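Enquirer: Chains as they are written, first to last, in this note's numbering: chain A, 21 to 426; chain B, 10 to 216; chain C, 8 to 570.
Just so you know, the hints here were simulated from the structure itself, not pulled from any lab data. Hints are not guaranteed to be accurate.
What the hints assert, rightly or not - Ranges of calculated distance between the beta carbons of each label pair, as one might list FRET restraints: (1) Asp63(B) to Ser297(C): 40 to 46 Å; (2) Gln18(B) to Gly554(C): 55 to 61 Å; (3) Asp63(B) to Ala380(C): 42 to 48 Å; (4) Lys198(A) to Thr429(C): 22 to 28 Å; (5) Glu296(C) to Glu17(B): 56 to 62 Å.
This structure is a prediction, so every number in the text was calculated from the model and none was measured. Quick reminder that beta carbons are idealized off the backbone N, C-alpha and C, glycines included.
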Amino acid sequence: MRLATTLLAAFTAASLAIGAACAADPDPKAWDAVTATAKGQTVYFNAWGGDTGINDYIAWAGGEVEKRYGVKVVHVKLTDTADAVSRVLAEKTAGTNEGGSVDLIWINGANFASMKGKGLLLGNAWAEALPSFKGTDADHNPSVRSDFTVPVEGQETPWGKAQLVFAYDTEKTKDVPKSIPALLAWAKANPGRFTYPLPPDFTGVTFLKQALLELAADKAPLNGPVDKADFAKVTAPLWAFLDELHPALWHQGKTFPANYPDMRHLLADNEVGVTFAFNPSDASAGIAKGELPKTVRTYVLDKGTIGNVHFVAVPFNAKAKAGAMVLANFLLSPEAQARKADPKVWGDPSVLAVGNLAAEDKARFDALELGIATLKPAELGAPVPEPHPSWVDALVKEWQKRYAGT
Amino acid sequence: MAGPLVLEQVRLTLGDHTLLTIDATVAPGEVLTVMGPSGSGKSSLLAFIAGFLDPAFAAEGRILLEGVDLTGLPAERRRIGLLFQDPMLFPHLSVAGNLLFGVPRDAPDRRARVAVALAQAGLEGLGTRDPATLSGGQKARVALMRLLLSEPCAVLLDEPFSKLDAALKGEVRSYVFDRLKERGLPGLLVTHDEADARAAGGPIVRI
Amino acid sequence: MSPWARLIPVFAVTTLAGPVIVGLLFVLLPAFGYLPALGGRSVTLDPWRQLLAEPGVWRGAVVSLAAGMVTGAVSLAITGLFLAGFHGGRAFEAMRRLVSPLLAVPHAAAALGLSLLIAPSGLFFRAMAAFGLGSDRPPDLLTVHDPWGLAMMAGLIVKEVPFLMLMSIAALPQIEAPIRLAVARTLGYRPVTAWLKTVAPVLYPLIRLPVLAVIAYSSSVVDVAVILGPTNPPPLSVAVLRWQSDPDLSARFLAAAGALLQLGITALALGLWLLAERLVANLSKQWMESGDRGRHDLWLRSVGGFGIALIAMSAIFSFLCLALWSLASSWRYPEPWPNPLTVSNWFQVLPSTIEPLISTLQIGAVSTALSFAIVVAALEHELRAGRPAGAWAMRLLYLPLVVPPVAFLFGLAVAAEVLGVTPSLLLVTLGHIMFVLPYVYLSLSEPYRRLDPRWSQIALTLGVAPWRAFLAVRLPLLLAPCLTAIAVGFAVSVGQYLVTQLLGAGRVATLTTEAVALASGGERRVIGVWALVQTVLPAVAFGLAIGIPRLVWRNRRAMLDTH
Numbered sequence: 021m022r023l024a025t026t027l028l029a030a031f032t033a034a035s036l037a038i039g040a041a042c043a044a045d046p047d048p049k050a051w052d053a054v055t056a057t058a059k060g061q062t063v064y065f066n067a068w069g070g071d072t073g074i075n076d077y078i079a080w081a082g083g084e085v086e087k088r089y090g091v092k093v094v095h096v097k098l099t100d101t102a103d104a105v106s107r108v109l110a111e112k113t114a115g116t117n118e119g120g121s122v123d124l125i126w127i128n129g130a131n132f133a134s135m136k137g138k139g140l141l142l143g144n145a146w147a148e149a150l151p152s153f154k155g156t157d158a159d160h161n162p163s164v165r166s167d168f169t170v171p172v173e174g175q176e177t178p179w180g181k182a183q184l185v186f187a188y189d190t191e192k193t194k195d196v197p198k199s200i201p202a203l204l205a206w207a208k209a210n211p212g213r214f215t216y217p218l219p220p221d222f223t224g225v226t227f228l229k230q231a232l233l234e235l236a237a238d239k240a241p242l243n244g245p246v247d248k249a250d251f252a253k254v255t256a257p258l259w260a261f262l263d264e265l266h267p268a269l270w271h272q273g274k275t276f277p278a279n280y281p282d283m284r285h286l287l288a289d290n291e292v293g294v295t296f297a298f299n300p301s302d303a304s305a306g307i308a309k310g311e312l313p314k315t316v317r318t319y320v321l322d323k324g325t326i327g328n329v330h331f332v333a334v335p336f337n338a339k340a341k342a343g344a345m346v347l348a349n350f351l352l353s354p355e356a357q358a359r360k361a362d363p364k365v366w367g368d369p370s371v372l373a374v375g376n377l378a379a380e381d382k383a384r385f386d387a388l389e390l391g392i393a394t395l396k397p398a399e400l401g402a403p404v405p406e407p408h409p410s411w412v413d414a415l416v417k418e419w420q421k422r423y424a425g426t
Numbered sequence: 010m011a012g013p014l015v016l017e018q019v020r021l022t023l024g025d026h027t028l029l030t031i032d033a034t035v036a037p038g039e040v041l042t043v044m045g046p047s048g049s050g051k052s053s054l055l056a057f058i059a060g061f062l063d064p065a066f067a068a069e070g071r072i073l074l075e076g077v078d079l080t081g082l083p084a085e086r087r088r089i090g091l092l093f094q095d096p097m098l099f100p101h102l103s104v105a106g107n108l109l110f111g112v113p114r115d116a117p118d119r120r121a122r123v124a125v126a127l128a129q130a131g132l133e134g135l136g137t138r139d140p141a142t143l144s145g146g147q148k149a150r151v152a153l154m155r156l157l158l159s160e161p162c163a164v165l166l167d168e169p170f171s172k173l174d175a176a177l178k179g180e181v182r183s184y185v186f187d188r189l190k191e192r193g194l195p196g197l198l199v200t201h202d203e204a205d206a207r208a209a210g211g212p213i214v215r216i
Numbered sequence: 008m009s010p011w012a013r014l015i016p017v018f019a020v021t022t023l024a025g026p027v028i029v030g031l032l033f034v035l036l037p038a039f040g041y042l043p044a045l046g047g048r049s050v051t052l053d054p055w056r057q058l059l060a061e062p063g064v065w066r067g068a069v070v071s072l073a074a075g076m077v078t079g080a081v082s083l084a085i086t087g088l089f090l091a092g093f094h095g096g097r098a099f100e101a102m103r104r105l106v107s108p109l110l111a112v113p114h115a116a117a118a119l120g121l122s123l124l125i126a127p128s129g130l131f132f133r134a135m136a137a138f139g140l141g142s143d144r145p146p147d148l149l150t151v152h153d154p155w156g157l158a159m160m161a162g163l164i165v166k167e168v169p170f171l172m173l174m175s176i177a178a179l180p181q182i183e184a185p186i187r188l189a190v191a192r193t194l195g196y197r198p199v200t201a202w203l204k205t206v207a208p209v210l211y212p213l214i215r216l217p218v219l220a221v222i223a224y225s226s227s228v229v230d231v232a233v234i235l236g237p238t239n240p241p242p243l244s245v246a247v248l249r250w251q252s253d254p255d256l257s258a259r260f261l262a263a264a265g266a267l268l269q270l271g272i273t274a275l276a277l278g279l280w281l282l283a284e285r286l287v288a289n290l291s292k293q294w295m296e297s298g299d300r301g302r303h304d305l306w307l308r309s310v311g312g313f314g315i316a317l318i319a320m321s322a323i324f325s326f327l328c329l330a331l332w333s334l335a336s337s338w339r340y341p342e343p344w345p346n347p348l349t350v351s352n353w354f355q356v357l358p359s360t361i362e363p364l365i366s367t368l369q370i371g372a373v374s375t376a377l378s379f380a381i382v383v384a385a386l387e388h389e390l391r392a393g394r395p396a397g398a399w400a401m402r403l404l405y406l407p408l409v410v411p412p413v414a415f416l417f418g419l420a421v422a423a424e425v426l427g428v429t430p431s432l433l434l435v436t437l438g439h440i441m442f443v444l445p446y447v448y449l450s451l452s453e454p455y456r457r458l459d460p461r462w463s464q465i466a467l468t469l470g471v472a473p474w475r476a477f478l479a480v481r482l483p484l485l486l487a488p489c490l491t492a493i494a495v496g497f498a499v500s501v502g503q504y505l506v507t508q509l510l511g512a513g514r515v516a517t518l519t520t521e522a523v524a525l526a527s528g529g530e531r532r533v534i535g536v537w538a539l540v541q542t543v544l545p546a547v548a549f550g551l552a553i554g555i556p557r558l559v560w561r562n563r564r565a566m567l568d569t570h
């Protein structure tokens, strides 16, 4: 009898504890409760802050969310998303399981894989339960459920799409390379007129991946983890390509631009002939702001270019979980997505299935002027899928070993 | 109020070198003149009496004022006034402000006293003036009035007339000594000018 | 003396040395693998093996070392030659007034302006193109981010020369330069050579500590390195900062080892410099006794004048660059000026500057006020105890300026994490005090000590208590130097980057952290606005430091004359 009472007491205590822990996390299925909890919270949104247009958009979103839901948003401008990942990791190691300093994080690829793998993200598939998530039509758009081949499992909300496009000034440059080997020939013929951002910048790494995907003899190993592949054999053509390319680069490869906006400035000043960005509307946005001349146009490579989806995620120990969910939900709403896709603001393509939206929301997208330099979706072509995220670190390390400090 | 100023076996040393020794009593209304060449420690003697001797020096002996031993007493409690070569009127205060500064905090009629002092010194109406606009003689008089308003029991004079030109010197000298005698204050004058010593009219110590 | 007063030197020591020592301790242990909170429980050499295997570490370390020594040498040379050639002349005051405001400009703003000036698409080359010396393409010249850090050194020299000049001018009265010069000139020595042979050797020991601070700062600076320095590989300090925020926690040990390496590099730079001092002293003895009356006098004078002119021009045109970019809508190469000019950038960007501006003001005001209070207390204590601050006190003062911040601040951040102290505005403010206090002290100590002691003595003899003498006489007489010291301290706080980044864990945004973040990828128009806003604050502080005394003492001629 004593044993039974003790066991019952222990069981009750345990379930209360678990219940309490679960009760602490807001449940998006009870959305009104979430918005009620979120009111008055401050969300620290950790997002890359290197582009003023994006920063302005985030500021706008924060203002709207404050007006409508009473949630204050602070944009913590990161130079590298890894900074925020490391902070959450440090907090977990220090035992800070609640009240963490990061509430929402703009993330994808290797950073997501790292956080998911180390258990740093909020669970319970909260992302798929958000009201706005229906708009993505995930069942017919599986790309929003997979992040660089790693299953999302509802631990992050899709935010936007990216595809690598190349840009050039039609007035200053007449012929442009449409494949990686052609790029090498073009660079040699036009020395100092091409460059790429310094890895581990994400656009720079994307260039490496793009080149690897086109040059690799056997592409199958790239879909699996890097430690299961013969790294040296698979990447040999990439390093051979870069060894030949670097002397023909801008400033002979002695320095690299920091990120894609820096490259946009180089194009604006005619310091380079061809640049690229991960945002198909980046060139149009530049033209709209007066940075780039109206004669700039974009193109994709003949064999297609890399594309991916980027997300926002909530760390497991975020202080303002409800507020973060409210912000994530708003970012996914048709209104916010349409404004984001407007090249005058940011130009980042939407993850929503526009065809399925309500007529009024659909009209928002139809009314968008994508810009004279933006390729239509048909012209963009199907995106080449990203390799497994574990390749990123390996590529960066090998690149630094070979080309840092030369 | 006034009593004698006694320098009892005072000896100033710098390292192991004795600068000066003096043993003297100054009666009220009298001015003792200490004369000696530059660097003989005259100014240090005044500093010692006033209470801020440079720590580089060592001093022996006692200072008594009205029978009270001043050794160990901080400078602001010694009731000893000091007149320097320069009038040292505070440049950030007006003339009246300088004089007010000298009047003790708990005096009942501070501004009235200042007005009286201005009148006595022949400086009525100059209260609100910037001290930098006064003539040399006027400055010297304000400096002395400020000192007297603080109701000292003794006055030290560190070559106060040496920077005045010949014409002013005699005038200011007699003014200062007359006021001291009037109030019956013992004074100690340090100078290298024989004329100053004669005007002081008191005993002379040469070091 | 009250027992509280005795605590003041102890307090000053704790404020300056305490955090540095704690910080270094929390870097020393992880560098050898020991930090239980992060899983390192045994002492190993693994972090060092990792460090040596990192690509580009040696280049980065060499660049840092070179930056330290070259910046120190060139800044000292230009300062010395300018003083030698022009001191006391008409051009001197004009140049000094032109160059002194540079002291107020934060390092980051100056670097940003310079980057906009000398970049291949910068104002300089656009001007050349306008005069027909360029093409429709920016030249393929690696100016900004050059691999050996020359652009970075230039950005540092522009700021350090005014600093050394200020320190030298403050020290000159102590050595009776005019008399020495007069003696040498009557012996037939031409002016520059006379100055170099008779004044410079006596002046140098008085400015040795500031020179060492310049070398230490240049060898470990982060914000200027990010804006102007090489990128591939970056100088060591930048690499260490990056390792400190690597998501892979094991990189913390690498970062600690890197921080110690940085400490070693700075120590090496200082050590080499001190050796070089001896060498130069020996060599110059021969020169001094050679009887050479100045064969190269004109050349030396020209170098000094040219150096200062170049600095002044760089400063003016950098500022112009920032201003033009802030007013530009579309300004592509090779247009020499933006057309049309527009104010819309300012309207667009200013709202986002408000919050960082407020943070900057809060941190600056509090850290400067506290530093000022401590400094004044320490100086007053010095005065009353009759003992001037000894050589050890001066070395202590310079400790936060000589130990690379990237080293001990990282250690402090680790300590804060381990002790569970959350990053906050308060923590950042306390961190700022460490850097503001030495400059406030340096700025105020000379005027404070040189104030005629007779003022206080008079006040005391008039029966006024010492604290009233302090408040009613000493402080008002020192109003202008006090305001200047406060302005200097405030300017130092505004310009801080690393303290805010590390102790604020990236959550405290000040004008400087935002401006540096914009350096890579930020639109140049936005950079222009931010850099100018960043500069406005210290400029206002200095303006007040000059204007308030004029206003307060408008009816006190003597106060206006002496200050």
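Enquirer: All hints are to be evaluated individually against the structure, with a verdict given for each.
Expert: Hint check:
For Asp63(B) paired with Ser297(C), a C-beta distance near 43 Å keeps the hint of 40 to 46 Å intact. Between Gln18(B) and Gly554(C) the beta carbon distance is about 56 Å. The supplied range of 55 to 61 Å therefore holds. Taking the beta carbon of each, Asp63(B) and Ala380(C) are about 28 Å apart, not inside 42 to 48 Å as hinted. Hint check: Lys198(A) to Thr429(C), Cβ distance near 53 Å, so the stated range 22 to 28 Å is violated.
Distance hint for Glu296(C) and Glu17(B): a CB-CB separation of about 57 Å, consistent with the stated range 56 to 62 Å.
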